[in-house]
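Peer 1: Here is how the chains run, residue by residue.
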Amino acid sequence: MIKQLVPANLKEALEMLSKHNCYIMSGGTDLMVQKHVSTGLLPSFDKDVIYVMNLKELDYVKKDDNGNIRIGAATRFTDIERSPLVPEIYKIVIKEIASNNIRNMATMAGNIANASPAGDSLVPLVLNDASVILSSVNGNREVLVRDFVLGVRKIDRKQNEMITEIVLKPQELNYFYRKVGARKAESITKVSLMGGYKIENGIIKDLRIAFGSVSIKVVRSLENENKYIGQKVKELNIDSVIEDYSPLVTPITDQRSNKEYRHKVAMNLLRKFLEEVKGGRNE
Amino acid sequence: MLPNYKTSVKKVDNEEKMSGMAIFTGDIRMDNAHFAIPVRSTVSYGKLLKINVPSLPKGYYFISAKDIVKENVCNIIASDWPVFPDKEVHYKGETIGLIVGPDKKICIDLASMTHADYKELEPVFEMKNSYVHKEFKKGNPEVFKKASKVYSESFETGYQEQVYLEPQGMLIWMDGNKITIKASMQCPFYIKKAVTRTLGCSEDKVRVIQPAVGGAFGGKEHYPSLMAAQLATAIVKIKKPIKMIFDRKEDITFTTKRHPSKTDISAYLDDKNNILGVKIHVGIDGGAYIGCSMVVLARALIAATNAYTFENVDISGDAYCTNKVPSAAFRGFGSPQSIFAIEMFINHLADFLHVNHYELRNKYLVKTGDITSTNGVFRDPIILDKLINRAMEMSDYQRKKKEYSKPNSYRGIGMSYFLHGCGFTGSGESTIINAQLRIKKDKNDIVTFYTSQVDFGQGNRTTLKRIVVDTLGIPEDHVIYGAPDTDETLSTGPTAASRTIIIVGGLAAKAARHLKEIWKDGEEQEIIEPYVGPSYIKWDDDTMQGDAYPGYAWGVNVIEISVDPITYEVTIEGCWSTYDVGHAIDERILIGQADGGLAQAIGWAYLEKEEMENGVFKQRTLSDYVIPTMMDLSKMETEFIDNPFPYGAFGAKGAGELTFAGGAPAFCAALEQAINRKVNKIPATPEFIMELIEHGN
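First to last, the protein sequences are chains A and B. Those letters in the first sequence? Residues 0 to 282, per numbering that gives the first Met the number 0, in order. Those letters in the second sequence? Residues 0 to 696, per numbering that gives the first Met the number 0, in order.
Looking at chain B on its own, in the form it has when it is part of the complex (with noise of 0.2 Å):
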């Protein structure tokens, strides 16, 4: 029997955040700490020929390549990445170099002050060199060549900014030999990882410390690590503490953002219009140097059959360098954009079918058992027709759909379906994380348990503590969970990939009920839990087979929007969402992630515009960037419908990325609706829909 998880706890820091004394990184006091302020390239791709330092004052120093220990190399995934550019920069912003000093002010001036001469070479801007490829086939592609007929079409998708509420931060000082970082962050062992790789010293002499931190979406997935390789490589020169807080121009500009992506879909049909198979190609931006964007890429291509399933399957992508800010991880890290491209194409083959939307879609939904299109298998029960609906019910999407059909209503109504893979891809949780959990029993019975799971305000902190309360049965101030500490915590991997509840709550669970088998009342005890995967996920990195995922969470998304016809500008009039995230552990903390993720999804479809302007965005402000604030949304009706999840801690599954996936192409459906003209592209700004009305398709 399951806990009912209905009655939600307080947030564990809920007291410190809202009265305002959580002390986050910048608000860290330190004697003597220094200033580091980046010099940036001002060229997008050129040769540096010679950085030019004004002469500095006693105490200030500039560090760059040369000062480099070990290694030139920031570890990233694919680690291209360098901690400081030595020949070549590769887009406008690259750190060529640190100032630092005891006085911001005068840091800031003599950045000002340094200037690199540079052999400028012919930036490009396009999707056109690729640097990844990645392809799959899955059934017989050859049976495309019989199809009576072909359609085709391509879908864009834009830039998005993480808009964390705190930029990004990081403070080092040296704890005797020892290196200590706070920062804000998602990844203490990255950012480990990271300083030992370019210092090549052992993994003793670095510690990583989590202050509390102001939300992250994915941006301080990997950004973080490359501003602490810098700060290594300067406070091994320096031995002073050192501190590094962007301000929020600077955030925008030159921290990492969603990759833009295009995807060319073609859907083959036979004489009777069934779909024979669809081949996909996505292309992604990933800027100036790989990072991550291969596993994006992955991800990306994974998806793009969403929730759909096709006998005949021929799926590739590409990762594009461009001389542009690099591309790494937002919430979704790649699925978003081919799910948005994917759902919109089934509704534009359906119209050019003639066909309901609604029946094209469910004909080809994916079942229980069916093979992936990576020829692995949806193993666990799928209930999205129940989500669809609750989902329909809720929103009386039959009635509006019908009713905002007639012509000028200037009112429309969209569904979309979505499905997120939880956990890292394929086998990488065995292979790659290989998490460890510690967790131990002083004599007075107190259990402490440790992880690396940041919470950056989506409630991991109590999640995690429940889970451990829950399965010992213990009271909860019985139990002690803090914020991670590298020196006392075994790495339980990344806060990313919506793993965090399905395979570290998993993790939590297990070694909870271990405990609890041995437990001696007034005896020390410890356990060290090793995540052990499901036997049967096989996945092959190379060729792109296999099970791709763990486990599945899916969902719909119902938005209602009206568009003014004066002045082109969208209202959200109603969203009603369903999810099966396995078993809801916490009700409320899970309204957080899946409103929240629609908020920042229907930003991502029609607010927020990034544009690019010989290399550098034109929107660098809050004010330029607009993020939807609650007048601009509605109220939001959102169900979970029980499922639980064999795997997880008490069923639970992964839920934050999920409840991104489905706002675009809900809100663009609607638009078509309203409009009556097809939208291929977000995000869809009152500019763009003016011109949709005015020259069509």
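So here's chain A without its partners, still in its complex pose (with noise of 0.2 Å):
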């Protein structure tokens, strides 16, 4: 028999979780529609489900005292993109994610945690270096985003933890950022790329490039960002970055697109981003 488990507090919903192999349902923007079974029945889970949506103490954002910003993991997109503690950025990617109503219920937890290639969220956490907490009765631990996603669904949580908090390092950088879906709102996303950059006296101070949609978690290399910071910027050679990306696109063909132009697309925005930081915006 599947149990609908509903914590009042999270010390009950970490103990619920010791003893169930749960989902954890928070918005269940994700959950509902992949549990959905036809109109006027219930979802069909297959697995107990704990409710933490109503965990008040998951529901903020603050600045801690290192100056990262906070969010409770039950904290919904509308109510991070209106805070005033969150980075510019972010809220731009949150805009363009689903529709209003959506973003009303919907959590970045969640978004983290769901694992989808296409998890517009992912793209600025994997970027900025965001990291995600996990608790359970045995304590916490910090996970940067980039690690604790694995694949295409697939997280490094264990059966007894759940993500509790997500901690935002705000970056001195100029941002490049650009969704393509299938048309211009309420669309999942066929491909997207964010840059990041910081120039100082002409020589590449931080220079940071993140890709969704392209391939089964967000393409960022730091083994290729790393050679690039130090260089002077007018050198930048655009054909040798893109050179240097291309390998690690591999896009597929879905219902969505097809993986030549989402390669292609990918390429083109790079090149777009490039431009952009050799025009030395904010030098």
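Honestly, the hints are just simulated from the structure, not real lab data. Where hints are given, some of them may not hold.
[Unchecked claim] According to the in silico footprint, chain A covers these stretches of chain B (three or more CB under 8 Å from chain A):
1. 102 to 110
2. 623 to 633
[Unchecked claim] In silico DSS-like cross-links for lysine-lysine, where the CA-CA straight-line distance does not exceed 27 Å:
3. B:K192 with B:K439
4. A:K34 with B:K104
5. A:K2 with B:K103
6. A:K271 with B:K405
7. B:K617 with A:K183
8. A:K183 with B:K399
9. B:K104 with A:K46
10. A:K183 with B:K634
11. A:K34 with B:K617
12. B:K248 with A:K258
13. A:K34 with B:K103
14. A:K258 with B:K680
15. B:K103 with A:K46
16. A:K183 with B:K248
17. B:K680 with B:K261
18. A:K94 with B:K634
19. A:K90 with A:K61
20. A:K258 with B:K617
21. A:K258 with B:K677
22. B:K248 with A:K46
23. B:K104 with A:K2
Just so it is clear, CB atoms sit at the ideal spot from N, CA and C, and this is done for glycine as well.
Two chains, two frames, some hints: make the complex.
Peer 2: Have a look at this one:
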């Protein structure tokens, strides 16, 4: 018999998780669709479900002593987007996720845990070295989002753990972001690119590139980035950067687009971003 | 003097729909209602050897071909679609039976445990086996042999899903010994006929009542007949109320779509580059059963020369049988496919001849009194030149066309001309439908009139009532006009073919006039008004010769777009339209039709992609099959130019389908300018635009 678990507080939730193998439901905007059976019928879950959307203690956005922004796992996208503490780049991304009514329910923690290759919030989280806090009755651990997502719907979560917090580390970067979906609103991403850079005295101090929807997880290469950092920006060779990334961008053909388009547009966006870097905005 | 209808009235269904009070089929609760869950074929083509049904709990049933009462035929024009297949299945997803029972979840589980054994046969997915062929000629196509040049091209259009707000659904129950049906539908009498035919029962044993209906676009013209025949077969055995409501995914995957098409056009030119004539072949993909495909094909062929007169014409077409979900009615009924082809072709021909698009098009533009491609006559005044000039003025077409022709502008503007024949093809209104409209008055001088027209959002409950109110000159609350109930109304025909206002509206006005003539205060009076078509309309369906429609509505669309050279995404920058729908009865309702039709056509042109893979659609949800949102469209400027039609109510013609016809060619003409490539295929998705830019034509 499937159990529906409704904890009164976080402590109770973690105790329940230590005893049951659960789906963790917050906004439900992914799970309810994935487990849908038919109109008028309950969704079909094959294991217990724990409902964490009402855990008030996980509904917050705050700044810690290190200047990091900490977002509780039950905080809705709409509230994150409206918080004055959240860096602008995240807001730009959130505004293009799904629709208003979905953003009123969905959480960023859920978007991370769903680990879809098309998960939009993963792109800024990976680019900006954000991490998640996983909690269990045994304590907390912090994992970088880029390490937490292992593959399509695969995450580094133990059965007794849940995401309780997201830690954003504000960066001093100039950003470029472009999401390409099938239409201008309420669309699932076919390909996206986020770039971040910092240039001082003509020298690249930081250069980061992350692609969404073109591989099983967000594509970011620290190895490539480290090659460019320290270079004179006017010596940065756009074609060779594109050559570096071309083999890492490995999209598929599915019902939403095809691999040729996704690859080509990813490279076009990269070129556009690099041209902007070389144009030296905010040098 | 025609009334001035610039001021619009409040739609009668506004309040119930905006407040959420309207009761749709799925909202109706009924004690002891059972659920019907389809068991579907898992092969595209095969012999049906045996259906293995799990042991059913008490009160659960499996209904299939063996339960057919009289005739295993679903009455959809060609009548080749069985209620349940008994020997062969012809497409993946065909309903081979229904599990019926009181608990929906148990029904779903039982349906998933029901498997058939098939002997699989080689399915056909390409358009190669014709099941309907039609052809006709005008003038002397022999002159083609004297042509000094021939210019030929092919054009393709894809599937389109209707995406009505409310998916298909039906509720059936026994009221005494009478089968009663409420359903999301367009044509109550089609459903009634489908039931009486499969059961072999008399007409008084079946009643069809319309609840609130949330959109249709042609998708609820024929498919509900199949659902009704299946549920009627079940209820005869079970005698309990049965509900069958499709989920969105099921609806997208297994109900009828717009016919994909491939059109080949050749223009034969003399040594001075005059067009001697054109040869056109239109192929449409009908899917597994013919259903209404021969009528769709006929409309596609009649519209193939669109708004142009060519002296010599050779037109032919085929509907092809494929092992895919059947194609059926969808706004435009075949004509948008062939209009897309000729509109693109004539521009390409102009490029080939190094002449201006606009000049070449206008040289062959149809004029009042011209002979149609089927050797009928365009009798009523044609004001296409006014529509074109006004649309060009509104959009600043000439200046923009020139400006955007600079290289790498990634911006373009395109224009289309189009027509729509209103009502059933040829003399069908008098020979097939024979609409009769009942209007009565009680002792308190309250007038009630009845039609079988369904208001699925387009506004005909408001407009038809207004026609009667204004004709009688009595207060609005003295006229009662409700949703159709086949026990109350005579058949005024289906809600289809842009016939509601031009035909039924005309009939309602006539009935009201006759009532007014014999009006006696305080007396009960009743009139049954039969439809009488224009006597000059003569049509031969076998030879496709004569006057194809009682009247024609006309339009011009101008669309401006830009293309992002980095992502190949399109932005609609502007839409301008002019229409001749006769005399506009209610401008606001017409704007709804005009701008909605154009939005749907633009979606078909570049967004809505429905791909087949091994006989099933790849896009099965509304996140994968995307239709335009408000954000994807621009402001639309739309004008109606008055040109009253003598046979319509207050001079009105049809408007519902017309507004779909020009969106795709205007969009693609703009796209061609923006990317400097020819576009011969829709949907022109960003993936396809990339291919065109990268690899050329």
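Peer 1: Against each hint, give a clear statement of whether it holds in the structure.
Peer 2: Tested hints:
{"no.": "1", "hint": "102 to 110", "in the structure": "holds (count 3)"}
{"no.": "2", "hint": "623 to 633", "in the structure": "holds (count 7)"}
{"no.": "3", "hint": "B:K192 with B:K439", "in the structure": "holds, 26 Å"}
{"no.": "4", "hint": "A:K34 with B:K104", "in the structure": "holds, 14 Å"}
{"no.": "5", "hint": "A:K2 with B:K103", "in the structure": "holds, 22 Å"}
{"no.": "6", "hint": "A:K271 with B:K405", "in the structure": "holds, 23 Å"}
{"no.": "7", "hint": "B:K617 with A:K183", "in the structure": "holds, 22 Å"}
{"no.": "8", "hint": "A:K183 with B:K399", "in the structure": "holds, 25 Å"}
{"no.": "9", "hint": "B:K104 with A:K46", "in the structure": "holds, 18 Å"}
{"no.": "10", "hint": "A:K183 with B:K634", "in the structure": "holds, 15 Å"}
{"no.": "11", "hint": "A:K34 with B:K617", "in the structure": "holds, 20 Å"}
{"no.": "12", "hint": "B:K248 with A:K258", "in the structure": "holds, 25 Å"}
{"no.": "13", "hint": "A:K34 with B:K103", "in the structure": "holds, 16 Å"}
{"no.": "14", "hint": "A:K258 with B:K680", "in the structure": "holds, 21 Å"}
{"no.": "15", "hint": "B:K103 with A:K46", "in the structure": "holds, 22 Å"}
{"no.": "16", "hint": "A:K183 with B:K248", "in the structure": "holds, 23 Å"}
{"no.": "17", "hint": "B:K680 with B:K261", "in the structure": "holds, 9 Å"}
{"no.": "18", "hint": "A:K94 with B:K634", "in the structure": "holds, 23 Å"}
{"no.": "19", "hint": "A:K90 with A:K61", "in the structure": "holds, 16 Å"}
{"no.": "20", "hint": "A:K258 with B:K617", "in the structure": "holds, 16 Å"}
{"no.": "21", "hint": "A:K258 with B:K677", "in the structure": "holds, 24 Å"}
{"no.": "22", "hint": "B:K248 with A:K46", "in the structure": "holds, 25 Å"}
{"no.": "23", "hint": "B:K104 with A:K2", "in the structure": "holds, 19 Å"}
Comparing the model with each earlier hint shows no violations; every hint is respected.
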